[in-house]
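S.K.: Sequence:
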Amino acid sequence: MNKNMIWLDILFYIILPFIIWTYGREILGDYWAMLLSTSPGFIYTVFRFVIDRQFNITGTFILISLLIGTLVDLLSGSAERMLWNQVIVGLAFSLIYLGSLTLKKPLALYFFVDLAYLQGYARENSKKLFFRKELLIWFQLLTLLFVVRGLALAGVKSWLIYKYGVDAYSSMLLYTRVIGGSFSVLMAIGYVFIGIKIKQVTTLEGKVEVKV
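Counting from 1 along the sequence shown, just add 299 to a position and that's the residue number in my numbering.
One or more hints might be untrue.
[Said to hold, decoys possible] Label pairs and their in silico Cβ distance ranges:
no. : residue 1 : residue 2 : range
1   : V477      : L365      : 16 to 26 Å
2   : S338      : R431      : 42 to 52 Å
3   : D308      : T369      : 17 to 27 Å
4   : L444      : I309      : 17 to 27 Å
5   : G419      : T321      : 38 to 48 Å
6   : L443      : L365      : 17 to 27 Å
7   : V484      : G376      : 35 to 45 Å
8   : F341      : I478      : 13 to 23 Å
9   : Y343      : I436      : 28 to 38 Å
10  : L503      : D308      : 32 to 42 Å
For the record, the hints were derived by calculation from the structure and aren't laboratory data.
Every value quoted in this text rests on a predicted model; they were computed, and no experiment measured them.
We put the CB at the ideal spot given by N, CA and C, even for glycine.
Produce the complete structure using the sequences and hints provided.
M.R.: Laid out in structure tokens, this is it:
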């Protein structure tokens with residue numbers, strides 16, 4: 300990952316929200332300060348979406364997630380309700396990942412199809428290859444990791460809210476980023492591992508992917 304991107308992530312997802320929340324509570328109240336603190340991350344994510352041109356399944360999923368999360372925040376009405384709603388939304392997305400596993404159409408596979416397309420490989424060719432039994436199992440395990448991440452984040456958020464109420468928000472900004480970042484590293488390793496498996500399969504059978 301580009302080092303500049305890491306610092307930008309920290310700035311827009313942790314530092315700016317923390318500053319807005321910490322210094323805006325007395326002026327705006329808990330709910331509006333919390334709501335306003337989500338705006339840097341929202342603007343930054345949309346900017347990255349446009350710049351990276353993620354107009355595919357991965358990008359669409361990210362954008363829909365962002366819009367749903369923002370809409371729920373706007374409709375929450377109170378700071379504590381907003382935090383609990385974020386937990387519920389997180390669990391809902393975990394169920395979506397779990398549902399894709401049940402249907403044997405793991406979302407991690409479709410994300411990898413988008414990645415392969417950016418490298419010049421036809422989507423249909425990639426899907427046909429990735430759905431093969433010896434590769435599908437790894438995409439299922441990777442999607443399961445998405446589920447575990449969602450449950451872990453929801454669990455930590457729930458515990459913090461239950462114990463500290465809205466005062467947990469500043470700690471939550473840090474903890475969720477650390478946990479989310481840790482899972483992102485594991486997922487990146489998973490995708491690299493799957494890439495190696497794909498190369499082994501195509502090399503073994505002498506198959507060359509058809510480029511767009």
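S.K.: 28 to 38 Å was suggested as the range; check whether the CB atoms of Y343 and I436 agree with it.
M.R.: Cβ of Y343 to Cβ of I436: about 35 Å, so the range 28 to 38 Å holds.
S.K.: Falls inside 32 to 42 Å, the C-beta gap from L503 to D308?
M.R.: 38 Å, holds
S.K.: Hint says 13 to 23 Å; check whether the CB-CB distance for F341 and I478 agrees.
M.R.: 20 Å, holds
S.K.: At the C-beta level, are G419 and T321 separated by a distance inside 38 to 48 Å?
M.R.: 47 Å, holds
S.K.: Should the hint that L443 and L365 are 17 to 27 Å apart at their CB atoms be regarded as holding?
M.R.: For L443 and L365 the Cβ distance comes to about 23 Å; the hint holds.
S.K.: Should the hint that D308 and T369 are 17 to 27 Å apart at their CB atoms be regarded as holding?
M.R.: 18 Å, holds
S.K.: Verify the CB-CB distance for L444 and I309 against the hinted window 17 to 27 Å.
M.R.: For L444 and I309 the Cβ distance comes to about 23 Å; the hint holds.
S.K.: Could you check the hint for me, namely that V484 and G376 are 35 to 45 Å apart, CB to CB?
M.R.: For G376 against V484, whose Cβ atoms are near 36 Å apart, the range 35 to 45 Å holds.
S.K.: Between S338 and R431, is the Cβ distance one that fits in 42 to 52 Å?
M.R.: 44 Å, holds
S.K.: Verify the CB-CB distance for V477 and L365 against the hinted window 16 to 26 Å.
M.R.: With Cβ atoms ~21 Å apart, the hint holds.
The structure shown violates none of the earlier numbered hints.
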